[in-house]
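Order-wise, the sequence lines are chains A and B.
For the first sequence, our numbering begins at 12 and goes up steadily by one.
For the second sequence, our numbering begins at 36 and goes up steadily by one.
Keep in mind the hints are simulated off the structure, nothing from the lab.
One thing to keep in mind: the hints can contain errors.
Listed below are the simulated DSSO-like cross-link pairs for lysine-lysine, each with C-alpha atoms no more than 27 Å apart in a straight line [what the hints assert, rightly or not]:
#, chain 1, residue 1, chain 2, residue 2
1, B, Lys108, B, Lys442
2, B, Lys107, B, Lys229
3, B, Lys365, B, Lys94
4, B, Lys164, B, Lys94
5, B, Lys124, B, Lys229
6, B, Lys124, A, Lys223
7, A, Lys223, B, Lys107
8, B, Lys162, A, Lys194
9, A, Lys223, A, Lys248
10, B, Lys164, B, Lys45
11, B, Lys44, A, Lys223
12, B, Lys200, B, Lys107
13, A, Lys248, B, Lys442
14, A, Lys149, A, Lys112
15, B, Lys200, B, Lys225
16, B, Lys107, B, Lys124
17, A, Lys194, B, Lys124
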Amino acid sequence: MSVIAPASSEQVTAKKKTALHSFARMMRYLAMRVLTLFSTVVIGVYLTILIANMGGYVDQIIRGEIRDSITQSVANNPTMRNMDPETRRKLIEEQIALEEKRRGLDTPIAVRNFRHLTNALQLDLGRAINMTSDSGSKQVRLILLERLPATLLLMGTSQLFLFFSSLYIALNLSRNYGNFWDKLVIALSPTSAIPSWFYGIFLILIFAAGVKVLPFGGMVDSPPPLNPFDYAVSVLKHLILPGGALIISSFFLSVYNYRTFFLIYSSEDYVDMARAKGLHAKDIERRYILRPTLPNIITNFSLLIITLWTGALFTETVFLWPGLGRTLYHAIGLYDTPIIVGSTIIYAYLLAMTVFLLDFVYAAVDPRVRVGN
Amino acid sequence: MNNFAASFKKLLQYPSAMAGIFVILVMVAVSIYTMITIPYPEAIRLWRGGEEVWYQNPKFAPPAWFNFFSRKKYSESFAVSTAEGGIEKTAVPGNDGVTTYTMTYEFDFNYDVYPQDMILYFNSAFKAKQPFMAVEWITPDGRTIRVSNFAIGNQYTYRFSQDDKLAAKLRAEEPILALFSDPQTGGIVKGTYKLVVTGTTFEPESNVDVEFVLHGQVYGLAGTDHARRDLTLPLLWGAPVALAFGLIAAIGTSILTMVIAAVGTWYGGWIDQLVQRITEVNLVLPFFALMIMIGTFYSRSIWVIISATILLNIFTGAILGYRAVFLQVKEAMYIEAAKAYGASNWRIIFRYLIPRMIPLLIPGLVQAVPAFVFLEASLAVIGLGDPVLPTWGKIIQDAQANGALYKGYYYWVLEPAVLLVITGLAFAFLGFVLDRIFNPRLRDV
C-alpha cells in the first residue's frame, strides 16, 4: 500500500500539471481570439463609419448635437437672457464654431473618421433625431441598449433550441440512416433557402389569423400582466411564433449537415474498433462520434448564426418584436441617422461576441486547442 | 463536354431537379413575355399611376377566381362606356338645338355580396349651357328608383355611395346596399338590373358620353391593392426583376469569390493573408444593417443595391472552402507541368486552376440564387426596395403596411409569397441535386 500511495499522489500532481497546462493554453488561445476579434471589430466599425460618413452623415450627427447643446446652454444662461437677439445669435454661432473646432470637425475626413471611430467603439453614438427610449432619453446608446434584451431573448432561445434539437435529431438520424425520416430531412433541406421572416408570414397566417391560438406579434399582452408568472407566460406565448420561424428556417439544413458530419466520422476505423471491442452503442456515440465531430459542427453553427443574426431584423419587423431590428426599421422610417449608424455598430459587436462565444465552446471541445498542434 | 452530358443525364434521375428546371424555364418564359407585352416605361407608368389610371378597379379586391372556392359569390367588377359601345346610346333631336339622349345598360347580378361602389363618369362638350342628366335604376323585381338628377360640367363624376339625398330617399345608410336589396326583406335581389341615364343637351354641337363603373368585391386574375392597382402587373414584373437580381448577384459573387480565392492561394504570402483577414472582418460586418444604411443614405436603385450586395458577399465562408480545395489543386502534377513549360501566373490561374473548380462553382452558384431573390424581397419589405420597380417584395411591403394579415386580405400577401417560394425552391432543389452530382463525396453518405 505504502508503495502505491506516493505514486498515485505523483500521478495526481502530474494530472494537475497537465490540467493547469491545458488551462493556460486555452486561456492563451482565447486571449488571442479576443485580440484578433477586437481588431476585426475595430476595422469593421471603421468601415461602417467610412460608408456612413461618405455622405457626411456622422459629421452631421455631431454638428446637430453641438448646436443643440450650445443653444440650450445659452438659452438657459440668465446673464445672456437680456441680450438682444442679434448679438445672442452671433454668440451662439461663435461658440458652435469654437466647439466644432475643438471636436475636430474641421480636420481632414480621414482624421475625423478616426475620432468618430473611438466614439463609436465606446458606444458613444450621439443623440437620436426623432426617436426616444421608453425611459424618455434621446441617447442612441440608451435607446439601443433598452432594446437589446428583447433581441437577445429571441435570438438566444431560438439559437439554443435550434442547436440542441438539430444535434439530437441528427444523431438519431445518423444511427439509422437511409430510413424514411432521414430521406425526408434530406429532401427538405433545400427549404432552408427561405428566410425566417418569410416562414413568419406563413406562421402568422396559420396560427394567428387562421387558428387564432397565438398572437400576431409583440412581446407581451397589452396591458402587460402584473403578476410576474403571468408575464412570463405571456412572453413565452409571444415567443413561439418568431422563435419558431427562426428555427424552421435553418432546421432541416443544419440537421442534414450535422448528420453528414456524424456519418463521416462514424465510418472511421477507430469507431469500428470500438464496436469490435464490444463497447456500448451509447458510449461509442458519445466518445467516438460526437466528440470528434463537435468542432466541425460548431464551426458550421457559427457561420449559420451569423446569417441568422442579421436576418433576425426582418423577423422582428414582421412580428413587431420590440428588439433592435424593429428599432432599426423605425429609424429607417423616421430617417433617424444616428440610430441607423448606431445599430449597425451594435450588430457588429453582437456578431463578434457570438463568434467569440462559439470560439470559447470550440476551445472547450477541441483537444487540439488544449494540447497544441 | 462529355462530362457535362453525363452529368445532365444523371440530373434526369432526380424528379426534384427536373421540377426545379421546369419552374425556372417557366419563370424565364414569363419574364420574356412580360417584358415584351408590358414594356418597362409602360409598367412604371402603370405602377406609379394613381386614381386616373386605376379608377375602374375596386380597392382591396381578391382575385375573381375566389368565387370558384367560395360558397358566397362576390360581385365582379366591370366598366362600360358609351364611347366604347358598351352602353346603348340613342339621341332624339328636338327643337332649338335641344337633343334628348337615352343611355341604358342592363347587367345580370347573381352574387351574394354587395358591390363596393358604383360610379358614373360623364364627359360632355358644350359652350354655355350645361347638359342636364337624370339617372334611373330598375331592379329585377320591377321597381323603378329615381336615383338623382343634375347638371354636368365638361367632366362630372357621380358616386352612388356618396349621395346623401339618395340615402335619405331610400331610408338607408348605404345607398348601394339599398339599391340591390328588397325593401321588405332586406335581402339581396338577384337578376337583371337596368341603369337608365337620360340627358338633355341644349346646343346643337353638344354631345355627352357616360362611363359606368361598378366596383365589385373581386377583380381579375390577381386582385387589387389599396391603390386600386391590378396586382397582375407587379406579379408579372416581379419575375424578371427577381430572376435578374438573383442571377446577377449569384454569378457576380460566385465568380469573384472564386477568382479571388484562386489568386490568393496561387500567390500565397501576404495576398493570401490579406484575403483571409478581409474575410474575417467581413464576417463580423452586419450585412443587412449595412445594406439598410446604404439604402437610406445613398440610393435605393436596384443597381446600387446589387453592387453593394456583390461586394459584401465576396468574402464569406465560401472563400475559405474554395481556398482549401485550391490548396490541394495547386500541388497537382499538371500544374507542375504547366510551370515547367513556362506558363505565366495568370495563365495557370485562369486556364488550369479555375476550370478545375467548375464542379464546385455551379452548384454553389445555383444554391446562392434563392438567397439573393429573397434579399431583394427582404429589403423591399422594410421599405428599401427600388422606388420605381414593381416587385414581389413591394407587394408584400404594401400588404404589411396596410395590415393585410390582420384585416384578412390574405391573397395580397400569399400571391407574391407563393411566387417567391416557388422560384426560391426551384433554384434550391436544383442546386442541391447539382451538388450531389458534382461532388460525389457527399452522395455516398
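Numbered hints the structure breaks, given as an ascending list:
3, 4, 6, 8, 10, 11, 12, 16 and 17
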